[in-house]
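Residue numbers (this note's numbering), protein chains in the order written: chain A, 2 to 254; chain B, 119 to 365.
Please note that the accuracy of each hint is not assured.
[Stated by the list, open to error] Listed below are the simulated BS3-like cross-link pairs for lysine-lysine, each with C-alpha atoms no more than 27 Å apart in a straight line:
#1 B/133 / A/55
#2 B/193 / B/240
#3 A/173 / A/13
#4 A/62 / B/193
#5 A/53 / B/353
#6 A/53 / B/193
#7 A/131 / B/309
#8 B/363 / B/353
#9 A/131 / B/353
#10 B/203 / A/53
#11 B/133 / B/353
#12 B/240 / B/309
#13 A/62 / A/131
#14 A/55 / B/193
#15 A/53 / B/196
#16 A/13 / A/131
#17 B/232 / A/131
#18 B/240 / A/55
#19 B/196 / A/62
#20 B/124 / B/248
#21 B/193 / B/248
#22 A/55 / A/131
#23 B/248 / B/196
#24 B/232 / B/203
#25 B/203 / A/131
The hints are simulated quantities; they were obtained by calculation from the structure and are not laboratory data.
Residues per chain are reported as follows:
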Amino acid sequence: MFFETVGNIISKYWSYLLSGLGYTMLIALTGTVIGLLIGLLTGIVRTIPLSKNKVIYYIQKTVNVIIAIYVEVFRGTPMMVQAMVIYWGYAFMNNGTTLPLIPAGIFIVSINTGAYMAEIVRGGIISIDKGQFEGAYSVGMTHWQAMIHVIIPQVLRNILPSISNEFVINIKDTSVLNVIGVMELYYMAGKVQSMTWAIFETYLIICVMYFVMTYTVTRLLRLCEKKLAGKDSYTICGSQSDPAAEIHIKEGE
Amino acid sequence: MNENNKPIIELSHLKKSFGDHDVLRDINLSVHRGEVISVIGSSGSGKSTMLRCINLLETPTGGSIFYEGQDIQGKDIKLTSYRSKVEMVFQQFNLFNNMTALDNCVKPQMIVLKRTRDEAEKIAREYIEKVGMSAYVNAKPAQLSGGQKQRIAIARALSMNPDVILFDEPTSALDPEMVGEVLEVMQGLAKAGYTMIVVTHEMGFAREVSDRVIFMDGGYIVEEGTPEEIFGNPKQERTRAFLSKVL
Numbered sequence: 002m003f004f005e006t007v008g009n010i011i012s013k014y015w016s017y018l019l020s021g022l023g024y025t026m027l028i029a030l031t032g033t034v035i036g037l038l039i040g041l042l043t044g045i046v047r048t049i050p051l052s053k054n055k056v057i058y059y060i061q062k063t064v065n066v067i068i069a070i071y072v073e074v075f076r077g078t079p080m081m082v083q084a085m086v087i088y089w090g091y092a093f094m095n096n097g098t099t100l101p102l103i104p105a106g107i108f109i110v111s112i113n114t115g116a117y118m119a120e121i122v123r124g125g126i127i128s129i130d131k132g133q134f135e136g137a138y139s140v141g142m143t144h145w146q147a148m149i150h151v152i153i154p155q156v157l158r159n160i161l162p163s164i165s166n167e168f169v170i171n172i173k174d175t176s177v178l179n180v181i182g183v184m185e186l187y188y189m190a191g192k193v194q195s196m197t198w199a200i201f202e203t204y205l206i207i208c209v210m211y212f213v214m215t216y217t218v219t220r221l222l223r224l225c226e227k228k229l230a231g232k233d234s235y236t237i238c239g240s241q242s243d244p245a246a247e248i249h250i251k252e253g254e
Numbered sequence: 119m120n121e122n123n124k125p126i127i128e129l130s131h132l133k134k135s136f137g138d139h140d141v142l143r144d145i146n147l148s149v150h151r152g153e154v155i156s157v158i159g160s161s162g163s164g165k166s167t168m169l170r171c172i173n174l175l176e177t178p179t180g181g182s183i184f185y186e187g188q189d190i191q192g193k194d195i196k197l198t199s200y201r202s203k204v205e206m207v208f209q210q211f212n213l214f215n216n217m218t219a220l221d222n223c224v225k226p227q228m229i230v231l232k233r234t235r236d237e238a239e240k241i242a243r244e245y246i247e248k249v250g251m252s253a254y255v256n257a258k259p260a261q262l263s264g265g266q267k268q269r270i271a272i273a274r275a276l277s278m279n280p281d282v283i284l285f286d287e288p289t290s291a292l293d294p295e296m297v298g299e300v301l302e303v304m305q306g307l308a309k310a311g312y313t314m315i316v317v318t319h320e321m322g323f324a325r326e327v328s329d330r331v332i333f334m335d336g337g338y339i340v341e342e343g344t345p346e347e348i349f350g351n352p353k354q355e356r357t358r359a360f361l362s363k364v365l
């Protein structure tokens, strides 16, 4: 009976569930990437050394306060509520015209993730040895160049586990977007359930689908981490003291 | 070496304090092209702070620093291009951990001096060869020993074709058996005519390689002179006391 129902749902409604899964992944992935970009940008801006020029100094201070407020507000309120406020807030201000659903979903997930990423990136930058900054400044790099070429690559490697964590959270949390009607997996499960009345079976199926997504993503990012970490040892076969010995260099990867 | 008398770097009444703590009280120093200057003194005497002020890694609280007669904190001079001409070698190496040894020497040239990859790589390989690190071009800093890292750091500084190289205790973080290889490279640079200011605890290096030795204590330059004068016949009581402890 149980397996029959499950088989039935899959064979009949697979296209609903698959399109829901597609949108869930789309929103979670773009949301995480844009959120990361927001985090990196705020991280770079917040670590610019304060200027001696009074005007620039106050602009910097103001920008830092705005970033701090953004982080606190979006970390301190539920994403489901943010979704309602932003979606219906837009409609309220535009005489009832609503935002297109998928971009609205991506926007909400992005700024929400951005608030978390801002803190993750800040922590990542703080954890980098200040000698790395000094080395970069001492050869003549600007703050921006030092960030792009030296600091951020190291930060990204260090925060990859946290990025992967955010991605997994986003895959699961896009389900709250059903409150504004975004057709992600949870919303689609609701549709299927209303047509079949097989509530338990339907949600069990998407439960498995969510898990397969998150598990695959964590495994893939784990591989990236290993790839980025590289090897600790650098082997030169042959002898340094004997110049005649042939030198083989094994690449670090 | 062009022998004009204008100093390449001049410190005038340089002061630096951290809060209430005065680290540099009144530093006056002229450095001429081709000179090798060793700065000695006990810990906390302000040697490193002086060097870091010259590179503006620390902002002086008073006085001025001139580079070829220009105030480096003035508006006419671009900080980044000044820094690329006055390179620094650090105690902790400060190699870029995300880059190979080669890229550590190549990327700064491309980013700051806008050289092409080919041009920068040719220059970098030449200097890496000079410091005897050619076999390690593809190694990451984490895979190198302290002495090897410092040699790459020196190659990185040289690749920028600097006018002056500042050395901030370049051998203090090294295992004793690695000090020699770094000092040897520095000795070569001194012979080749590079202008160098070296903060060091290596009295042998200060005595044999430098043209002028500066002894600092309590935020002042207490005594300066040729190595013979400072090590052979120090005039100041504080210099004598310091030297009797370290020699």
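Tested hints:
| no. | hint | in the structure |
| --- | --- | --- |
| 1 | B/133 / A/55 | holds (23 Å) |
| 2 | B/193 / B/240 | violated (34 Å) |
| 3 | A/173 / A/13 | holds (24 Å) |
| 4 | A/62 / B/193 | holds (23 Å) |
| 5 | A/53 / B/353 | violated (42 Å) |
| 6 | A/53 / B/193 | holds (13 Å) |
| 7 | A/131 / B/309 | violated (33 Å) |
| 8 | B/363 / B/353 | holds (16 Å) |
| 9 | A/131 / B/353 | violated (40 Å) |
| 10 | B/203 / A/53 | holds (24 Å) |
| 11 | B/133 / B/353 | holds (25 Å) |
| 12 | B/240 / B/309 | holds (23 Å) |
| 13 | A/62 / A/131 | holds (22 Å) |
| 14 | A/55 / B/193 | holds (16 Å) |
| 15 | A/53 / B/196 | holds (15 Å) |
| 16 | A/13 / A/131 | violated (59 Å) |
| 17 | B/232 / A/131 | holds (25 Å) |
| 18 | B/240 / A/55 | violated (44 Å) |
| 19 | B/196 / A/62 | holds (24 Å) |
| 20 | B/124 / B/248 | violated (30 Å) |
| 21 | B/193 / B/248 | violated (37 Å) |
| 22 | A/55 / A/131 | holds (26 Å) |
| 23 | B/248 / B/196 | violated (30 Å) |
| 24 | B/232 / B/203 | holds (14 Å) |
| 25 | B/203 / A/131 | holds (22 Å) |
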